[in-house]
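A.B. asks: Spelled out, the chains give:
Number of protein chains: 2
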Amino acid sequence: MGRMSQVTCDLTISLDGFVAGPNQTPADPLGDDGELLHRWMFEEPEANAAAIEGILAAGAFIMGRNMYAGPGEWAEEWRGWWGEEPPYHAPVFVLTHHPREPVPMLGGTTFNFVTDGIESALAQAREAAGSKDIAIAGGAQTARQYLSAGLIDELRLHIAPIVLGVGERLLDGVENLSLEPTEVSGSRLVTHVRYRVNRDNAAGGAKQ
Amino acid sequence: MGRMSQVTCDLTISLDGFVAGPNQTPADPLGDDGELLHRWMFEEPEANAAAIEGILAAGAFIMGRNMYAGPGEWAEEWRGWWGEEPPYHAPVFVLTHHPREPVPMLGGTTFNFVTDGIESALAQAREAAGSKDIAIAGGAQTARQYLSAGLIDELRLHIAPIVLGVGERLLDGVENLSLEPTEVSGSRLVTHVRYRVNRDNAAGGAKQ
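Just so you know, the sequences run in chain order A and B. Number 208 in my numbering belongs to position 173 of the first sequence; there are no gaps in the numbering. Number 125 in my numbering belongs to position 90 of the second sequence; there are no gaps in the numbering.
Don't take every hint at face value.
As the list claims (entries may be wrong) - Interface residues of chain A toward chain B, partial, derived using beta-carbon atoms under 10 Å:
| no. | residue |
| --- | --- |
| 1 | Asp51 |
| 2 | Ile194 |
| 3 | Pro196 |
| 4 | Ser222 |
Claimed, not checked - The following label-pair restraints were derived from C-beta to C-beta distances:
| no. | chain 1 | residue 1 | chain 2 | residue 2 | range |
| --- | --- | --- | --- | --- | --- |
| 5 | A | Asn233 | B | Asn58 | 51 to 57 Å |
| 6 | B | Gly152 | A | Asp67 | 55 to 61 Å |
| 7 | A | Glu218 | B | Asn58 | 30 to 36 Å |
| 8 | B | Glu78 | A | Gly165 | 36 to 42 Å |
| 9 | B | Asp67 | A | Trp117 | 41 to 47 Å |
These are calculated hints, taken from the structure and not from any lab test. Glycine is no exception: its CB is placed at the ideal position from the N, C-alpha and C atoms.
Next up, chain A with everything else stripped away, as it sits in the complex:
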């Protein structure tokens, strides 16, 4: 048998647990000082090459509506924040209440829009990913939904050594999460921890 494909989720958080600072807007989704979370990617790409590669290695991605666009009805011309060739190079499934035809981009990325919930999006992503992993790409609210439903196999936290004090916390309201660290590494701007989610204790355990 081949390796089972996994549902992964990479998130960068501050030492006090925030994924974004205060005053988030569609144009500034990381909020005040939130860009400091991601210094490790931009200032130390070589030291963190394996972690960065892991974020984009999946065969399909799932993201929340707010990660793809601002709120409300679709602007017909909107094609995401990433330009004509997004970094995903694979199908991306966007959770939304507003149906829309798929948006193909250069380099293998196609944005697909899913209106019937997180389990449907996961089933479609799993089908599209084949033997590769499925990544929950964010944002934090989407990650919390999948974590709370017990649908994530591996949570990969990238802990930035900063204290934001205010903002959006990743784990607020997530209950019954049983985690086991399996690998740690890091650089001077980040600590990477891979956690296996124990399904037997998790909320969604009964579904497995």
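Given the structure of chain A, go ahead and fit chain B onto it with the hints provided.
C.D. replies: Then chain B, alone, in the frame of chain A:
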């Protein structure tokens, strides 16, 4: 020149940043489910031997009043929570508003009571420690005071892979903290991260 002695602080926190659960009392200082934070010490002492040894390696210790006893006036017979031979084996300086004569214990621990603030306690502990390190032993409020004052050189976090959801957060209200991870390690019940506190950016930088 010999090695400069360092001011260290070891704390175990949950993945969502809590050092204790809700409903803390003097007899249950870790609060509800707080004991789950420390499973790594008791269930995996061999895998975590270096971290455990590091917690008690200092030449002098500083702790808050609530870590030594309950609130209020001293009960004359109170000699701490640790029995006749506490694990410190060195002078311990207890921050308090209530003067008291030193309490010598077996095995080299003496509890000294400091009523004139955190900088005085640190000066006394530094004198007592000689060339060894000085450890801020807790609790969280005391650690926050020393962190906020820029008086800690190395913060050693032991991150338990649990989500408490409610309780006392270590870093609430701590500002201007500039940290750099210098070492990571761990086991299935904990992730150890050593952080150097950058004094030039910290609140207490001007004091150095």
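A.B. asks: Take the shortest C-beta to C-beta distance between A:Ile194 and chain B; is it under 10 Å?
C.D. replies: Check passed: Cβ of A:Ile194 comes within 7 Å of chain B, closer than 10 Å.
A.B. asks: Is 55 to 61 Å right for how far apart the beta carbons of B:Gly152 and A:Asp67 are?
C.D. replies: Since B:Gly152 and A:Asp67 have Cβ atoms about 33 Å apart, the given range 55 to 61 Å is violated.
A.B. asks: Is the hint on A:Ser222 kept, meaning its closest Cβ partner in chain B is under 10 Å away?
C.D. replies: 8 Å, holds
A.B. asks: Is 36 to 42 Å a correct range for the gap between the Cβ atoms of B:Glu78 and A:Gly165?
C.D. replies: 40 Å, holds
A.B. asks: Take the shortest C-beta to C-beta distance between A:Pro196 and chain B; is it under 10 Å?
C.D. replies: Result: holds, 4 Å to nearest chain B Cβ.
A.B. asks: Lying within 51 to 57 Å: is that true of the beta-carbon distance A:Asn233 to B:Asn58?
C.D. replies: Check failed, 26 Å falls outside 51 to 57 Å.
A.B. asks: Within 30 to 36 Å: is that where the Cβ-Cβ distance between A:Glu218 and B:Asn58 falls?
C.D. replies: 35 Å, holds
A.B. asks: That 41 to 47 Å hint for B:Asp67 and A:Trp117 (C-beta), does it hold up?
C.D. replies: Check passed, 44 Å falls within 41 to 47 Å.
A.B. asks: Mind checking the CB of A:Asp51 against every CB in chain B and telling me if the closest is under 10 Å?
C.D. replies: 4 Å, holds
Going down the numbered hints, you'll see the structure goes against 5 and 6, while the others check out.
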